[in-house]
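Engineer: Sequence:
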Amino acid sequence: MVLQVGHGDAHPDAAEDELVAVDDRTFRWNLKKPFRKMLVALGKIGTPSCFIMPARIAATDPFKPINDYIGSGPMKLVRNEWVPGARAVFEKFSGYVPRQEQASWTAGGKQMLLERIEWITMPDPATAAAALQNGEVDWWETPLADLVPLLRKNRNVAVDIKDPLGNIGSFRMNHLYPPFNDVRARRAILTAMSQEDYMRAVVGDDALWKPLPSFLTPGTPLSTEDGGDILKGPRDLDAAKRLLKESGYAGQPVTCVVAQDIAITKAMGDVTADLLKRLGVNVDFVATDWGTNAARRAQKSPPGQGGWQIFHSWHAGAVCIDPSSYTAIRANGDKAWFGWPTSLKVEAAIESWYDAASLDDEKAAMRRLNRAAFEDAVYAPTGFFLEYQAWRRNVSGIVKGPLPFFWGVNKAA
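Be aware that the sequence shown starts at 30, since it is given in the working numbering, and climbs by one per residue.
Hint data in this document are derived by calculation from the structure and do not stem from the laboratory. Errors might be hidden in some of the hints.
[As the list claims (entries may be wrong)] Straight-line alpha carbon distances no greater than 30 angstroms define the calculated DSSO-like cross-link-like pairs of lysine-lysine that follow:
id, residue 1, residue 2
1, K93, K329
2, K306, K73
3, K274, K374
4, K93, K105
5, K440, K182
6, K374, K239
7, K261, K274
8, K139, K440
9, K364, K329
10, K270, K295
11, K261, K239
12, K295, K182
13, K261, K392
14, K121, K440
15, K139, K73
16, K295, K364
17, K429, K105
18, K121, K105
19, K364, K374
20, K139, K121
21, K239, K182
22, K139, K182
23, K374, K261
24, K374, K329
25, K429, K239
26, K429, K121
27, K62, K329
28, K62, K73
29, K270, K239
30, K329, K306
31, K73, K93
32, K139, K105
33, K295, K261
34, K73, K61
No experiment lies behind these values; they were computed from the predicted model shown.
Required output: the full structure, derived from the provided sequences and hints.
Structural biologist: Written out as structure tokens, the structure is:
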């Protein structure tokens, strides 16, 4: 077996002396110096994270998909029933022995009470709503907020907030090419954009969103609004236009890739297209599906040659509580998330967080991070929002969290 731990430039590789297999069930990790965030690296819920897998699978090129789906968890993929983009089927793994303790998200004892789970993709919200109400599906991961009042009228359906830690919307700009290789163009977007416009388009209900002059999940220990003034107060289109002009923008097409099959990205894309037009930007609006969007955003080729300048996504609040899994905040150039920002100040703040010996030190590092990320406009947060989940009332054991956790879930006849 091989242990693979994903991480960025910073730690634990800088502190690592030796990582060796002692036997088939034990490994030893020797460090050159103390690494304060080791337990975070091993135990966090977001990626990059720690996976243990057969050596032959671990040896796969990290930029290519694996084709051997063997793990050690409570479920196993039914490979011959998998239809990519439409359906995935999982069966209870009889060889899995859960820990004798309460489950806590991905930790603890994962007691599988169901023999089979079918994960069905239904891009059309109306179709999914009808399927849930008719009992054709049992659990809808993220129902459209506009359809929640309809679902609540059905006595056989329960609706609740999916995850109190919510999500942070993301307007992502390509730092490699004009106009967004110039910080003035990126700051123009921050100066002009209205988070209210984005959030009303994404969720509508005022109880489900709030403005967020921060890159960190509100209400969590490291949350801060330091440096976030650029997103506060009345929006200034004239100032944004001046910044765009100063950046050298002169009417060139700006390619905005928007996934239409996901309500969140479609809503944000429509708001962005309108914003750009009001700023006098020549918008090349590319309406596509999420799979194509995901493939295209990885391309570093120039816009007009298969590349891009803007796309939208969102990040789970459970990931945005600190830098350990928050790949979208990294600004380490070619190694950064799509958009490939470079900011020495952001990276220095992240290093400080890794080295922090106390909560106060961590908070100070995150204040520096938030200021630097706004100064260099790593990306544009479009606001904080919550989502619903809905399920048939004969299903029990569903918990709130950033992922659907199937252990502990049961279904009455």
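Engineer: If a hint holds in the structure, say so; if it doesn't, say that too.
Structural biologist: Evaluation of the provided hints:
1. K93 to K329: 17 angstroms, holds
2. K306 to K73: 41 angstroms, violated
3. K274 to K374: Cα-Cα ~26 angstroms, so holds.
4. K93 to K105: OK: K93 and K105 at ~21 angstroms, within 30 angstroms.
5. K440 to K182: Holds, because 21 angstroms separates the two Cα atoms, which is no more than 30 angstroms.
6. K374 to K239: 27 angstroms, holds
7. K261 to K274: 22 angstroms, holds
8. K139 to K440: 16 angstroms, holds
9. K364 to K329: 12 angstroms, holds
10. K270 to K295: 25 angstroms, holds
11. K261 to K239: Holds. K261 to K239 sits at ~12 angstroms (cutoff 30 angstroms).
12. K295 to K182: 27 angstroms, holds
13. K261 to K392: 22 angstroms, holds
14. K121 to K440: At roughly 15 angstroms apart (the allowed maximum being 30 angstroms), K440 and K121 satisfy the hint.
15. K139 to K73: 17 angstroms, holds
16. K295 to K364: Distance of about 27 angstroms is within 30 angstroms: holds.
17. K429 to K105: Given that 30 angstroms is the threshold and the Cα spacing comes to 23 angstroms, the pair holds.
18. K121 to K105: 6 angstroms, holds
19. K364 to K374: OK: K364 and K374 at ~16 angstroms, within 30 angstroms.
20. K139 to K121: 11 angstroms, holds
21. K239 to K182: This hinted pair holds, its Cα atoms lying about 27 angstroms apart.
22. K139 to K182: The hint is violated at about 33 angstroms.
23. K374 to K261: Holds, at roughly 22 angstroms.
24. K374 to K329: Holds, at about 24 angstroms.
25. K429 to K239: Between K429 and K239 the Cα gap is close to 20 angstroms, so the pair holds against 30 angstroms.
26. K429 to K121: 22 angstroms, holds
27. K62 to K329: 37 angstroms, violated
28. K62 to K73: The given pair, whose Cα atoms are some 21 angstroms apart, holds under the 30 angstroms limit.
29. K270 to K239: Distance ~26 angstroms between K270 and K239 Cα, so the pair holds.
30. K329 to K306: 25 angstroms, holds
31. K73 to K93: 24 angstroms, holds
32. K139 to K105: 13 angstroms, holds
33. K295 to K261: 25 angstroms, holds
34. K73 to K61: Distance of about 23 angstroms is within 30 angstroms: holds.
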